[in-house]
Structures are given as C-alpha cells and as structure tokens.
Amino acid sequence: MKASSLKSNLSVGIFEKDALGVPLPSNTIYWSVTHKPDFVAGVVSTGKIGIDLEQIKDVSDGVFERIVDQQEISHFPNQDKSLVFFRTFTAKEAVLKKTGHGIRGLSKAKIKCVVDDKNLVVQYLDKNYLVENFYFDGYLASVTKDNVDVQWTIR
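If you read the sequence shown in our numbering, its first letter stands for residue 977, the second for the next number, and so on.
Bear in mind the hints are in silico, worked out from the structure with no lab data behind them. We put the CB at the ideal spot given by N, CA and C, even for glycine. A couple of the hints might just be wrong.
[As the list claims (entries may be wrong)] Dumping the calculated EDC-like pairs for lysine to aspartate or glutamate here, alpha-carbon to alpha-carbon at most 20 Å:
id	residue 1	residue 2
1	Lys1012	Asp1102
2	Lys1024	Asp1037
3	Lys1024	Glu992
4	Lys1057	Glu1108
5	Lys1024	Asp1102
6	Lys1086	Asp1037
7	Lys1094	Asp1122
8	Lys1094	Glu1048
9	Lys1088	Glu1041
10	Lys1033	Asp1014
11	Lys1088	Glu1108
12	Lys1057	Asp1113
13	Lys1024	Glu1048
14	Lys1012	Asp1034
[What the hints assert, rightly or not] Across the chosen pairs, the derived CB separations fall in these ranges:
id	residue 1	residue 2	range
15	Thr1004	Asp1056	37 to 45 Å
16	Leu1059	Gly1038	15 to 23 Å
17	Lys993	Gly1023	13 to 21 Å
18	Lys1084	Val1016	23 to 31 Å
19	Leu996	Gln1047	25 to 33 Å
20	Thr1004	Asn1054	43 to 51 Å
21	Asp1113	Thr1004	27 to 35 Å
22	Lys993	Pro1013	20 to 28 Å
23	Glu1041	Thr1004	36 to 44 Å
24	Lys1103	Gly997	18 to 26 Å
25	Lys993	Asn1054	39 to 47 Å
26	Phe991	Pro1013	34 to 42 Å
27	Val998	Gln1099	17 to 25 Å
28	Asn1003	Gly1114	31 to 39 Å
When you get a sec, could you build the whole thing from the sequences and use the hints?
Right under this line is the structure:
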C-alpha cells in the first residue's frame, strides 16, 4: 500500500481495522488489502475502496452456481467458465470490502453489466459500483473504481 500511496501522492499513517476487521481510514485515506500465497495487493484512495485477488483456476459446477446466477451468466456470452467465475467473485468481493459488509453480503451482490473485458458493474443494496479487472500471471485482481483511473503496478 506504500507504493499505492506514493503513486497517488496520499499521505497515510497506521493501517488499522475495527473489531469486525473492516479497514479504518488512515489520515482520512481509505485502504483495502488482499493476499494470496504468491501475491499481495493493496490500494489507497480518498474515498471508500475495495480490492480482491484470486488465482484463475478450474471451479466446480456447485461452487460456480453458488456465486454466479443465470442472469449474471447472460452478461458473459462465450466466455470461459473459470474467467466468468473469478471476474464475478472478485468484483463482488471488492464491492463488499468497499461497503464494509464483507462476504456475508455476497448473495445480495449481482453483476448488472459487463462493460468490456476489464470493467463491469456490480449492484449491491440498490447501488451500482464500477469495478476494474486486472489480469497477470494467472491471477485476476478487481478494484472498485468509481470515476477514477486505476494505475496498476506489479512489484
């Protein structure tokens, strides 16, 4: 997150979470972090933000159907099942992190529109969130972006 704050010219202090594990603003700067065994992704912003990261791999039909409903599938014509799953899951998770609701809100988050191969819209509690996907080394990261450009850096 240090790289994100430096690149954004945002001054952050200590990164703390509340009792539920929700990140608290640091010097009025919001932040989000996600990690896997091989990678860590962090982001800072002047507004609430969420990020998620997953390795793209095969997914069972049962897991797929718990995360992606039939209406959502229709937004991804002719796309690989694993890619549809991880675009959907990471986008929803990024939105849930942004809102502070976490995984317990997963069933209420829905893909409403696929803008292109890198952007989609998630609806959660009657509000739409623009999410950007980033693909690298067999992984997919998603970040809520509102109306800002996201600059991705891999280190």
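Right, here's what the structure says about each hint:
{"no.": "1", "hint": "Lys1012 / Asp1102", "verdict": "violated (31 Å)"}
{"no.": "2", "hint": "Lys1024 / Asp1037", "verdict": "violated (33 Å)"}
{"no.": "3", "hint": "Lys1024 / Glu992", "verdict": "holds (15 Å)"}
{"no.": "4", "hint": "Lys1057 / Glu1108", "verdict": "holds (19 Å)"}
{"no.": "5", "hint": "Lys1024 / Asp1102", "verdict": "holds (17 Å)"}
{"no.": "6", "hint": "Lys1086 / Asp1037", "verdict": "holds (18 Å)"}
{"no.": "7", "hint": "Lys1094 / Asp1122", "verdict": "holds (14 Å)"}
{"no.": "8", "hint": "Lys1094 / Glu1048", "verdict": "holds (16 Å)"}
{"no.": "9", "hint": "Lys1088 / Glu1041", "verdict": "holds (17 Å)"}
{"no.": "10", "hint": "Lys1033 / Asp1014", "verdict": "holds (15 Å)"}
{"no.": "11", "hint": "Lys1088 / Glu1108", "verdict": "holds (14 Å)"}
{"no.": "12", "hint": "Lys1057 / Asp1113", "verdict": "holds (18 Å)"}
{"no.": "13", "hint": "Lys1024 / Glu1048", "verdict": "violated (25 Å)"}
{"no.": "14", "hint": "Lys1012 / Asp1034", "verdict": "holds (17 Å)"}
{"no.": "15", "hint": "Thr1004 / Asp1056: 37 to 45 Å", "verdict": "holds (41 Å)"}
{"no.": "16", "hint": "Leu1059 / Gly1038: 15 to 23 Å", "verdict": "holds (18 Å)"}
{"no.": "17", "hint": "Lys993 / Gly1023: 13 to 21 Å", "verdict": "holds (18 Å)"}
{"no.": "18", "hint": "Lys1084 / Val1016: 23 to 31 Å", "verdict": "holds (28 Å)"}
{"no.": "19", "hint": "Leu996 / Gln1047: 25 to 33 Å", "verdict": "holds (30 Å)"}
{"no.": "20", "hint": "Thr1004 / Asn1054: 43 to 51 Å", "verdict": "holds (44 Å)"}
{"no.": "21", "hint": "Asp1113 / Thr1004: 27 to 35 Å", "verdict": "holds (34 Å)"}
{"no.": "22", "hint": "Lys993 / Pro1013: 20 to 28 Å", "verdict": "holds (21 Å)"}
{"no.": "23", "hint": "Glu1041 / Thr1004: 36 to 44 Å", "verdict": "holds (41 Å)"}
{"no.": "24", "hint": "Lys1103 / Gly997: 18 to 26 Å", "verdict": "holds (22 Å)"}
{"no.": "25", "hint": "Lys993 / Asn1054: 39 to 47 Å", "verdict": "holds (41 Å)"}
{"no.": "26", "hint": "Phe991 / Pro1013: 34 to 42 Å", "verdict": "violated (21 Å)"}
{"no.": "27", "hint": "Val998 / Gln1099: 17 to 25 Å", "verdict": "holds (21 Å)"}
{"no.": "28", "hint": "Asn1003 / Gly1114: 31 to 39 Å", "verdict": "holds (35 Å)"}
The structure fails to meet hints 1, 2, 13, 26 from the earlier list, while all remaining hints are met.
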